[in-house]
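Undergrad: Take these sequences, add in the hints, and give me the full structure.
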Amino acid sequence: MSFPRFTKHAGLLSVLLLLAIGGTAFAQDATLVRAEQGNGLLWVFRVFAVLMLATAALTISVRNAVVAALCLVGTLISTGVLFLLLHASFLAAIQVLVYAGAIMVLFVFVVMSVGDADEHEIGISSGLISKILGLAALIGVLFVVLPQFKSQIVPQAAPLADTSDFGSLKPIGRLLFSDYLFPFEVLSVLLLVAIVGAVMVSRRRSADETVDQGGAQ
Amino acid sequence: MIPTGDVLIVALTMFALGLLGVIIRRNILIVLMSIELMLNSVNLTLVGFARAHGGSVGTAGHGFSFLIVALAAAEAAVGLAIVVAVFRSYRTVNVNNVNLMKR
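Protein sequence lines, in the order shown, are assigned to chains A and B.
The first sequence maps to residues 1 to 217 in this note's numbering.
The second sequence maps to residues 1 to 103 in this note's numbering.
You can take every hint at face value.
In silico SDA-like pairs for lysine to any residue, Cα to Cα no more than 20 angstroms straight-line:
no. : chain 1 : residue 1 : chain 2 : residue 2
1   : B       : Lys102    : B       : Ile82
2   : A       : Lys131    : B       : Thr13
3   : A       : Lys170    : B       : Val57
4   : B       : Lys102    : A       : Gly197
5   : A       : Lys131    : B       : Arg26
6   : A       : Lys131    : A       : Ala57
Per label pair, the in silico range of CB-to-CB distance:
no. : chain 1 : residue 1 : chain 2 : residue 2 : range
7   : A       : Met112    : B       : Val98     : 18 to 24 angstroms
8   : B       : Val98     : A       : Glu185    : 33 to 39 angstroms
9   : B       : Asn96     : A       : Leu191    : 28 to 34 angstroms
10  : A       : Val144    : B       : Ser56     : 30 to 36 angstroms
11  : B       : Ser56     : A       : Ser113    : 42 to 48 angstroms
12  : A       : Ser178    : B       : Arg88     : 41 to 47 angstroms
13  : B       : Asn97     : A       : Phe177    : 46 to 52 angstroms
14  : A       : Gln156    : B       : Arg88     : 50 to 56 angstroms
15  : A       : Gly101    : B       : Gly55     : 28 to 34 angstroms
16  : B       : Leu100    : A       : Phe109    : 24 to 30 angstroms
To be clear, the hints were calculated from the coordinates, so they are not data collected in a lab.
Even glycine gets a Cβ: it sits at the ideal position worked out from N, Cα and C.
TA: If you want it as structure tokens, here you go:
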């Protein structure tokens, strides 16, 4: 039974979540008031970047899948804060609504319905090869690619005017319904296919058989 | 102002964490969560570059990022349906025990 373990982490997690939610409000406030002046926003960025990476690391390292899902919620909300700091207010709202709301509810629902019968045996993979491969991928990516990012190739942002509607719903909506209309419609068909496919895949096999028997009789 | 390089570093680190999770974890659900982490870091990269470029190019980046969020929702729905189907026949979510097409 993993419930006691969950309660042990619950306090820490709720503090992290509250911090993320409070930070969302603060970041929005700071974005509106200070409009990219000084390096206060840089500190907000650093705090939430660290929070995001810490909760991401917890997501892949804790054993309890429910705790991992809650840590992932923390990651996604922190990413929403970073979106706000990068003037992507529409995407920040979408991030919280779709990711932290809908997708994570789906995850938690499945985690809880699948149950944790054999959870204590399922931790980090015991194979040495996969551990070495994983760590090599992490270290390789971090130390080979990272130094490139401080070079001159990376474009730097220019200050935005206070009246700019960059990242708000209006320009994105105009673009999605003019230049990107076809991908947008294809995506709506894809979502429909995904819904039908999810129902088909997860339907009960025994119910299917009884229906067939009923048809045969 | 937030340097684009810092955004890229954070996004890359999160992508690497997601990749690590896919490789070393055995719980299917956590593997799916790691895939969500990777998609999320790609979104962060797109938004960072959109901020750096600004204007209509940046707005196109936001639109693309929006499409990725919808794609992630579809992927999560299908993936979790497969997890439910696998759990129904195998009674486990350990990827090492799932090695047959039919059972």
